[in-house]
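Asker: Residue numbers (my numbering), protein chains in the order written: chain A, 35 to 311; chain B, 35 to 311.
Please keep in mind that the hints were generated in silico from the structure rather than gathered at the bench. Hints may be right or wrong, so weigh each one.
Since the list gives no way to pick out one identical chain from another, each pair is judged satisfied if it fits inside one copy or across any two copies.
Unchecked claim - List time: in silico DSBU-like cross-link candidates among lysine-lysine, alpha-carbon distance up to 35 Å:
#, residue 1, residue 2
1, 171, 61
2, 61, 205
3, 38, 289
4, 169, 61
5, 289, 205
Number of protein chains: 2
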Amino acid sequence: MIKKRINALIEQKKSLLCVGIDPDARKIPTFFLRMQDPVLEFARSVVNATSDFAIAYKPNFAFFESFGLKGLHALEALMRQLPNGVITIADAKRADIGNTSRLYASAFFETWGFDAATVPPYMGYDSIEPFLSYKEKLTLILCLTSNGGSQDFQEKRMQDGKPLYEAVLEKALEWNQFDNVGLVVGANRAEELKRLRAKAPTLFFLIPGVGAQGGSLEESARYGSDARHQSAIINIGRAIIYPDGEFGSVGEFEKAVARKAEEYVLAMRSALERLEA
Amino acid sequence: MIKKRINALIEQKKSLLCVGIDPDARKIPTFFLRMQDPVLEFARSVVNATSDFAIAYKPNFAFFESFGLKGLHALEALMRQLPNGVITIADAKRADIGNTSRLYASAFFETWGFDAATVPPYMGYDSIEPFLSYKEKLTLILCLTSNGGSQDFQEKRMQDGKPLYEAVLEKALEWNQFDNVGLVVGANRAEELKRLRAKAPTLFFLIPGVGAQGGSLEESARYGSDARHQSAIINIGRAIIYPDGEFGSVGEFEKAVARKAEEYVLAMRSALERLEA
Chain A
35 MIKKRINALI EQKKSLLCVG IDPDARKIPT FFLRMQDPVL EFARSVVNAT SDFAIAYKPN
95 FAFFESFGLK GLHALEALMR QLPNGVITIA DAKRADIGNT SRLYASAFFE TWGFDAATVP
155 PYMGYDSIEP FLSYKEKLTL ILCLTSNGGS QDFQEKRMQD GKPLYEAVLE KALEWNQFDN
215 VGLVVGANRA EELKRLRAKA PTLFFLIPGV GAQGGSLEES ARYGSDARHQ SAIINIGRAI
275 IYPDGEFGSV GEFEKAVARK AEEYVLAMRS ALERLEA
Chain B
35 MIKKRINALI EQKKSLLCVG IDPDARKIPT FFLRMQDPVL EFARSVVNAT SDFAIAYKPN
95 FAFFESFGLK GLHALEALMR QLPNGVITIA DAKRADIGNT SRLYASAFFE TWGFDAATVP
155 PYMGYDSIEP FLSYKEKLTL ILCLTSNGGS QDFQEKRMQD GKPLYEAVLE KALEWNQFDN
215 VGLVVGANRA EELKRLRAKA PTLFFLIPGV GAQGGSLEES ARYGSDARHQ SAIINIGRAI
275 IYPDGEFGSV GEFEKAVARK AEEYVLAMRS ALERLEA
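Chain A with its partners taken away, still in its complex shape (with noise of 0.2 Å):
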């Protein structure tokens, strides 16, 4: 089951961070810019240097696909190059009327092999279900996002008082008999986060926006995971992939790397000593 295997490596490794990553030209250390790929040489620079901490890694196409289809080649090369037994998660946002979406779920979870995908949850049940029917892959269903467009519509209240957001987590709860269900819910959303995860304690949260997006890692660690301290991934991209400095180096540009997610890694692992003293 894919929950198990996730708590498995979270307790293994004593951490829930998941490495976003997110290949940005302008933000590239330059002398990658000179290799032959340099979005595969980064993104493989990134997991070398994370793989002791990251319990997952979290591609989010956009930016692979904003260096056109060589940016999906490298992201295919990456898949294959993959530490053994890490989790991956195709941040993609992709749904579609049921048919259709068969072709993304079957694309993702096939033909990428990636272990869990993000959806947006606009377009309903038969949106989704394509996804759902794969039991041993993990659905992440955008629930309350990290953004200031969240309360264009996922904050508006219901006719039941309740805002649209928890319509999404009520519906996810009902579509979640494999186990095999989450919710993308912002991390700079503390409040809100605590109220979801008990209204939702057998749920699996993806939870971004720590770091550059200004969510507190302490109580993302704290009221996103559940009673186990599991079931909850915090994703960390460009504050673990683009370290302050000048980097000359592959060696020195994943020294800094490696330093941002073990400072991560240690920050999660005492909050959650904090809560089982």
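Got chain A sorted already, so can you dock chain B onto it with the hints?
Answerer: Same frame as chain A, now just chain B:
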């Protein structure tokens, strides 16, 4: 202005037809599958056969991606070979937090060169603004979709008694300062289409769901178009690109596809003529 450009095409071709290009390995006539690039050859044949009738082409990315990266290469080649002036709609339904959506918008509108793109609304303004900032491109926001899952969230009543999809329409009106916003409303929702058009006389409508999904062409043309019988694009996919019958050659296939496209355009014309009478 993009709306003017599309409406000029509508007037010139007396057509609201958008052809959905959804290559499906299980449905493409087998003689294409023996060619070197079946996806490209099939898509090109569909375009050849329909170019007298269609004002727009809407490739759905899921179908191209289902062939792996070679499917996307085929789409890239197709984009370079489309007839001049025809409208191209990237049906990819992508949106993410602001800085990420910016990459999607630039990918679809600049790298790929599409005239329009579909976006889901769940993540709100900053996830859509990067698309809107291209004043000469059309951003088509999912409003009320043609699938069963539309009832899960889109039709949920908000505190003011209105369904969520109307909140999306209201935001779309607010965001339409460059006259480059459209809504996606399913053809099988004739009543709602009529009501939404009345509330949004200035927005563009993309209407999928005629044909295989059972929406009425007559009602879509009548209720979806604006006061001048323009500003609407009716998408037909499967019912045109997969005509019944066995085809042994490109010529036979294109003839059958052209016949279907003509049939639909003649039906659209008579629906609009009845309106004018």
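Asker: Look at each hint and say if it fits the structure.
Answerer: Going through the hints against the structure:
For the identical chains of this complex, residue 171 and residue 61 are neighbours both inside a copy (32 Å) and across copies (28 Å), given an alpha-carbon limit of 35 Å. Taking the shortest Cα distances, residue 61 and residue 205 sit within 35 Å of each other only across copies (34 Å), while inside one copy they are farther apart (39 Å). Taking the shortest alpha-carbon separations for residue 38 and residue 289, only the intra-copy value of 32 Å comes in at or below 35 Å, while the best inter-copy value is 55 Å. For the identical chains of this complex, residue 169 and residue 61 are inter-copy neighbours only, at 28 Å across copies versus 37 Å inside a copy, given an alpha-carbon limit of 35 Å.
Within a single copy, residue 289 and residue 205 get their C-alpha atoms no closer than 43 Å, and across copies no closer than 46 Å, so neither meets the 35 Å cut-off.
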